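If you read the sequences in order, they're chains A and B.
Residues 3 to 282 (this note's numbering) are what the first sequence spells out, left to right.
Residues -19 to 254 (this note's numbering) are what the second sequence spells out, left to right.
Do not take every clue at face value.
Which stretches of chain B does chain A cover? Using the computed rule of at least three CB atoms under 8 Å from a CB of chain A, they are [to be verified]:
(1) 87 to 94
(2) 136 to 147
(3) 183 to 195
Calculated from the structure, these hints are not laboratory results.
From a predicted model like this one, the values you see are computed outputs, not experimental measurements.
Just so you know, even glycine gets a beta-carbon here, dropped at the ideal spot from N, CA and C.
Single-letter residue listing:
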Amino acid sequence: MKKIVAAFDGLNLSESNMKYAIQISEMEKCHLTGVFLDDRTYTSFKIYDLVFEEGVSEEKLSRLKHEDQTKRKNASLKFEQACISHKLNFNIHHDKNYAIKELIHETIFADLLILSRNESFSHHKETFPSRFITETLIDAQCPVLMTPETYADIEKIIFLFDGHPNSIYALKMFAYLLPGFLSLPIEVISVKSMEENLHLPDGQLMKEWIKRYFSKSEFVVLKGIPDVETVAHLQKERASSMVILGSYKRSKLSMWIRSSMADVLSKNFDMPLFIAHQTR
Amino acid sequence: MRKIIIAFDGFQFPESSFRFAAQLHQHDPILLTGVFLPQSSYANLWAFADGVGAPMFVPHLEESDEELVEKNISHFEDFCRKEGIEYRVHKDFYDLAMPELKKESRFSDLMILSAQHFYEENGGDTPNHYLINALQEMECSVIVVPDQYEFPGVNIIAYDGSEASVFAIKQFAYLLPELSSNPTLLTYLNPDEREKIPFEPYIEELASRHFSDLTISKIELDARKYFTTWISEKKSALIISGSFGRSSFSQMFKKSFLSEVIRQHLIPVFIGHK
Chain A
3 MKKIVAAFDG LNLSESNMKY AIQISEMEKC HLTGVFLDDR TYTSFKIYDL VFEEGVSEEK
63 LSRLKHEDQT KRKNASLKFE QACISHKLNF NIHHDKNYAI KELIHETIFA DLLILSRNES
123 FSHHKETFPS RFITETLIDA QCPVLMTPET YADIEKIIFL FDGHPNSIYA LKMFAYLLPG
183 FLSLPIEVIS VKSMEENLHL PDGQLMKEWI KRYFSKSEFV VLKGIPDVET VAHLQKERAS
243 SMVILGSYKR SKLSMWIRSS MADVLSKNFD MPLFIAHQTR
Chain B
-19 MRKIIIAFDG FQFPESSFRF AAQLHQHDPI LLTGVFLPQS SYANLWAFAD GVGAPMFVPH
41 LEESDEELVE KNISHFEDFC RKEGIEYRVH KDFYDLAMPE LKKESRFSDL MILSAQHFYE
101 ENGGDTPNHY LINALQEMEC SVIVVPDQYE FPGVNIIAYD GSEASVFAIK QFAYLLPELS
161 SNPTLLTYLN PDEREKIPFE PYIEELASRH FSDLTISKIE LDARKYFTTW ISEKKSALII
221 SGSFGRSSFS QMFKKSFLSE VIRQHLIPVF IGHK
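Excised from the complex, chain A in its bound form:
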């Protein structure tokens, strides 16, 4: 039995993330741990809301704090009820320290993290990807399934293969963790530069491995710039496809200069992304 961790912001519960977590745990017969990141430094109100003409209202502060507490409690209750109604093995963690640190620690002791792509743990509006998402993807110690805003049943798997060890690692982890999806058709997409030939990178080895796990596989090799070609090719895909990709553990500077494929896909599509990278 595997242990899936689903992370939630109790002040803004993501319903679709909860649904993905429950459906997958039910299908794969996993133990589901709901991690509610009740970060003490994060509230639903802004400090500015407390200020009025005579200074800061203590009374208002305690009222707002109480409201936040109730909201968080209701969110975890909702999760609990959903798990009970699906007869899942589950438990709940309330982590009260800095959200990002707590979550990374949880991922060491988890097989898979399921997280909504919209989490930011900030009351400021952040454009995607939020700092929270970026840091989680870089430092997570287990694969991450990043879920979109709306839920859709998965009917197809798409694997973005760039020949880099990280992408094979992501595919292996997918096969080990979610065997229930192996009967679905898989499309392997590779993008090569204009000068290269149209052979799949390490084609023979790749096919030898993939045939052990997936029964229906299709291989597509495109030419051009990876970000552009992948987005163009995926236009026809629907939200019912899940995309697997390896992500780089890159330095902050290079993240700054060029967004990663995961960011590009999340901006353009409403598909769940399965992301894994080697951390060494």
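With chain A's structure known, arrange chain B on it following the hints.
Same frame as chain A, but now just chain B:
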């Protein structure tokens, strides 16, 4: 279905690795890939990986060597046919360098290495430079099997609270689920009695999902001095351990109890690798 690779030098025939693969095959069919590397190029295999700038001379195989390798390949094929194992032969003869073996491991689930034969002709300490390098560079999990062993009936997890040791536990559970139902002992070795098991509630929560018969205990032993004595009493056991960081790998490895276990050819060792 898992894809398992056995890498060997073409001269030696590591019976124990094959026996281990065949025993795994009985639980769940495998694809066994024999990666045949000629002995004469072994030294160069690792040398290339060191990134020496100057071009190097790769000695070609002697004709008699080639015959011997062919003989071993046919032995491998006979073995697989007899056991009913689906197999492939990859001859990475002339383009031989560390990246080749590394690439093979990238597209495999598990690699089985023989503790004695993988490097035998090259001499040196056991586990020698070649094996340590292999454990460091591979991109899939590795099982190191001694010549004489009993098929594992007990698992011993060497847990130290590190990310690598938890990663190894997860990999083992994914790759060898048939062994996860065996009695499993999760040990934290520390001679200091004030030290508690790190993150005990977390590791308990994770490990008990994967191992149905799990005991967690702290053993107050000096790992380096007494662990091998303790382990030698545990016949039919298998150790699960995380790998060490790439930078300090060889020093750390040589100082660790794992190196002793492999050196004394005691029991199989599973090293979870990313």
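Inset, instruction - Would you check chain A against the segment 136 to 147 of chain B, counting CB to CB pairs closer than 8 Å, and say if three or more residues qualify? - result: holds (count 3)
Is the listed coverage of the segment 183 to 195 of chain B by chain A valid when you require three or more residues with a beta carbon under 8 Å from a beta carbon of that chain?
This one holds; 5 residues, not fewer than the three required, reach chain A with a Cβ under 8 Å.
Check: Count the residues of the segment 87 to 94 of chain B with a beta-carbon closer than 8 Å to any beta-carbon of chain A: does the count reach three?
Finding: Coverage by chain A holds for the segment 87 to 94 of chain B (3 residues, Cβ < 8 Å).
Comparing the model with each numbered hint stated earlier shows that all of them hold.
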